[in-house]
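Which chain is which? The protein sequence lines are A and B, in order.
Residue numbering for the first sequence follows our numbering, starting at 1 and increasing by one per position.
Residue numbering for the second sequence follows our numbering, starting at 1 and increasing by one per position.
A few of these clues could be false.
Pairs involving identical chains hold if they fit within one copy or between any two copies, as the list cannot separate such chains.
Think about it this way: if two alpha-carbon atoms lie no more than 25 angstroms apart in a straight line, the pair counts; the simulated DMTMM-like pairs of lysine to aspartate or glutamate are [what the hints assert, rightly or not]:
#1 LYS196 - ASP248
#2 LYS196 - GLU49
#3 LYS196 - ASP144
#4 LYS196 - ASP168
#5 LYS196 - ASP237
#6 LYS196 - GLU70
#7 LYS196 - ASP317
#8 LYS196 - GLU37
#9 LYS196 - ASP24
#10 LYS196 - GLU41
Read the hints as simulated data drawn from the structure, not as lab findings.
In this text, all values refer to a predicted model and were calculated from it rather than measured experimentally.
There are 2 protein chains.
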Amino acid sequence: MRVAVIGLGLIGGSLALAATARGDQVVATDRDEAAGEIGLERGAIARFEPTIDGALDGADLAFVCGPVAELASLTGQALEAAPSGCAVSDVGSTKGRLVAQVGANPQFVGGHPVCGSEARGVANARPELFDGATWFLTPVAETDPSAHRRLHTFVSSLGARPVAIDPDAHDRLVALTSHLPHALANVLVNQAGAGKVDGHDPLAAVGGSFRDMTRVAGANPRIWVDIFLDNRTALLDGLRDHSRRVDDLTRALEREDAGFVARWIAEASGHRRRLLEVAYPATPEDLYRVRVHVPDRPGVLSGITQALGAEGINIEDFELHHVSAERGGTVVVTIAGQAEAERAVALLDAQGYGAIAAPAVDE
Amino acid sequence: MRVAVIGLGLIGGSLALAATARGDQVVATDRDEAAGEIGLERGAIARFEPTIDGALDGADLAFVCGPVAELASLTGQALEAAPSGCAVSDVGSTKGRLVAQVGANPQFVGGHPVCGSEARGVANARPELFDGATWFLTPVAETDPSAHRRLHTFVSSLGARPVAIDPDAHDRLVALTSHLPHALANVLVNQAGAGKVDGHDPLAAVGGSFRDMTRVAGANPRIWVDIFLDNRTALLDGLRDHSRRVDDLTRALEREDAGFVARWIAEASGHRRRLLEVAYPATPEDLYRVRVHVPDRPGVLSGITQALGAEGINIEDFELHHVSAERGGTVVVTIAGQAEAERAVALLDAQGYGAIAAPAVDE
Chain A
1 MRVAVIGLGL IGGSLALAAT ARGDQVVATD RDEAAGEIGL ERGAIARFEP
51 TIDGALDGAD LAFVCGPVAE LASLTGQALE AAPSGCAVSD VGSTKGRLVA
101 QVGANPQFVG GHPVCGSEAR GVANARPELF DGATWFLTPV AETDPSAHRR
151 LHTFVSSLGA RPVAIDPDAH DRLVALTSHL PHALANVLVN QAGAGKVDGH
201 DPLAAVGGSF RDMTRVAGAN PRIWVDIFLD NRTALLDGLR DHSRRVDDLT
251 RALEREDAGF VARWIAEASG HRRRLLEVAY PATPEDLYRV RVHVPDRPGV
301 LSGITQALGA EGINIEDFEL HHVSAERGGT VVVTIAGQAE AERAVALLDA
351 QGYGAIAAPA VDE
Chain B
1 MRVAVIGLGL IGGSLALAAT ARGDQVVATD RDEAAGEIGL ERGAIARFEP
51 TIDGALDGAD LAFVCGPVAE LASLTGQALE AAPSGCAVSD VGSTKGRLVA
101 QVGANPQFVG GHPVCGSEAR GVANARPELF DGATWFLTPV AETDPSAHRR
151 LHTFVSSLGA RPVAIDPDAH DRLVALTSHL PHALANVLVN QAGAGKVDGH
201 DPLAAVGGSF RDMTRVAGAN PRIWVDIFLD NRTALLDGLR DHSRRVDDLT
251 RALEREDAGF VARWIAEASG HRRRLLEVAY PATPEDLYRV RVHVPDRPGV
301 LSGITQALGA EGINIEDFEL HHVSAERGGT VVVTIAGQAE AERAVALLDA
351 QGYGAIAAPA VDE
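With the rest of the complex left out, here is chain A (with noise of 0.2 angstroms):
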């Protein structure tokens, strides 16, 4: 197959790299010349072209991987340059604008890959960036049927799992797992950052939870500046009834309701449940979090899982919670079944560490 593709950054390259793996033939354009460049020495691509024109030439199936603002520019010029029966798709984040901007063209099914882009442009390309990530899909009424299959059955030969969804619904989902949450870390490392509450910085006092919770905040300007703005119809629902709930819960607090306290806490206990069994093999009742004290030296962090891997226990989560240079972190490692948990804890019990195993799940 002849595969285009339009922006060779991290995804692009990602792209180009994978597909080049399969047996394609990659060529890519890019703005910046350099990218091809290092795409061709990273045996990306095939052949750089300088125009979408030219990349488009003879193509099986095309993305464009620009900037979300450019995208439907991007994608009009792809779809006029795309000889008839070449699919073309696009790898942005939101759906909806984008598919009403481009219009009913059979040729165009759009797309959005989920997956970690911490790193930026083709030099830190990886081909199995899209292993096992959900690759959402767009078809709609006037899509043509081939252009989708053909799409579908590249994206799944990457690893992908590929999921068919009308693009309005995948932006009110992604604006729900993904652009509220990540606006709630802004506002809430904002507010803890405003000023000192009697002389004490609260950013200062903030334990492990508040760190997680905030580590997407602050990121990439340039990218989520558009996204927000982008998907800003249903983020703005999002953003409402989160509003909602929490009115909901200052009214509960205002009048000492404890039974909606209560509910509303088993309903969250609930939920986390349901997305820990789909985000685990194991049933959530059968995860344990086993916590260890460690020093803050190189090689301790091999000693615990070594001495787990040597006994074949098979960890399904692992984190390090750093405390400080002088007093070491704490390590927390999520383990399925309780006797496998306890044979963890003597195992680190007989190594000098503390080591305490507790249910993933509150009963």
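Assemble the complex: chain A is given as a structure, and chain B must be docked to it using the hints.
Just chain B now, kept in the frame of chain A:
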């Protein structure tokens, strides 16, 4: 010294173990005699007493470690039974109401050790629980300075960092850093779990950052209903400020104000950087996150941590984001220094792992 512990759970038990290790004589009481038996078996306490009067007899220092709702009553009883010169403290996570209820007693100094408490009960108690933890103390005008001094010295000797603070300021501070984020985690998971979007369950589509943000959701209803209600004045202030901030964002998105959104993200980025400055010895600009895709197999983590440890590369933070048994997961290792991060990438590449390094803070 003679130390009395009223309530022998995780915190009381850990306190008893740490005090015994210091050479203190620890006497405990608990409504549940079985807790006393475990405490004696584990060598945490020298003696169990069925009553508060018995436990306080001859004590130099007493800690009330009961549930939030009973703290005032238990502290009152402890102060009545306390010999003159005995300092009495507690370990509750809110302070304003308790200090007001206890009244102006020179022997009382409110306290709050900020330490994880996922496990429960004296069976899971550990003497190092307070190592490196902030331990708030809330002396007031009426407090006997020698009681505050004795407590300050004791707390320091357990490895904790005593911080003196006004009781109401304490509650406003923890409302911001702990209770508000905890409440928002519940709100967020309840909103995402409330229903399907066009047939898709949002909780099945969340990524690692959503899971991180809602880790505390639904936890310990027996503890958290009391905390939310007890600290409702400060939490309500926090929720109202939060609502104002969400409204500001909502209005900015309604008028498509890209300038507001960009400034708001930049503000979050600055606060996030300050937060990392406090948490890590390295400057935030110097922290790199190295991402590695790994299969789901015992021993994989030890291969990685061992390779880095053997080369003397210090790991500041370590996370495993689990994807699935078939697809494996992503390890994120935080390392100080660009050269060290690049060395880690080269080492992991040599082992056949595709590693990517990127700055932890966005430029």
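Hint check:
Within a single copy, LYS196 and ASP248 get their C-alpha atoms only as close as 28 angstroms, which misses the 25 angstroms cut-off; across copies the closest is 21 angstroms, which meets it. In this assembly of identical chains, the alpha carbons of LYS196 and GLU49 never lie at most 25 angstroms apart, being 55 angstroms within a copy and 44 angstroms across copies at closest. In this assembly of identical chains, the alpha carbons of LYS196 and ASP144 never lie at most 25 angstroms apart, being 59 angstroms within a copy and 27 angstroms across copies at closest. For the homomeric pair LYS196 and ASP168, the shortest alpha-carbon distance between copies (14 angstroms) is at most 25 angstroms, but the shortest distance inside one copy (42 angstroms) is not.
Within a single copy, LYS196 and ASP237 get their C-alpha atoms only as close as 33 angstroms, which misses the 25 angstroms cut-off; across copies the closest is 15 angstroms, which meets it. In the homo-oligomer, the alpha carbons of LYS196 and GLU70 never lie at most 25 angstroms apart, since the shortest distance is 42 angstroms inside one protomer and 31 angstroms across protomers. For the homomeric pair LYS196 and ASP317, neither the shortest alpha-carbon distance inside one copy (35 angstroms) nor that between copies (27 angstroms) is at most 25 angstroms. Proximity of LYS196 and GLU37 under a CA criterion of 25 angstroms is satisfied in neither setting, with 50 angstroms inside one chain copy and 45 angstroms between copies.
Taking the shortest Cα distances, LYS196 and ASP24 never come within 25 angstroms of each other, neither inside one copy (58 angstroms) nor across copies (38 angstroms). Taking the closest pair of Cα atoms, LYS196 and GLU41 never come within 25 angstroms of each other, the shortest separation being 52 angstroms inside a single copy and 46 angstroms across copies.
Checked against the numbered hints given earlier, this structure breaks hints 2, 3, 6, 7, 8, 9, 10; the rest are met.
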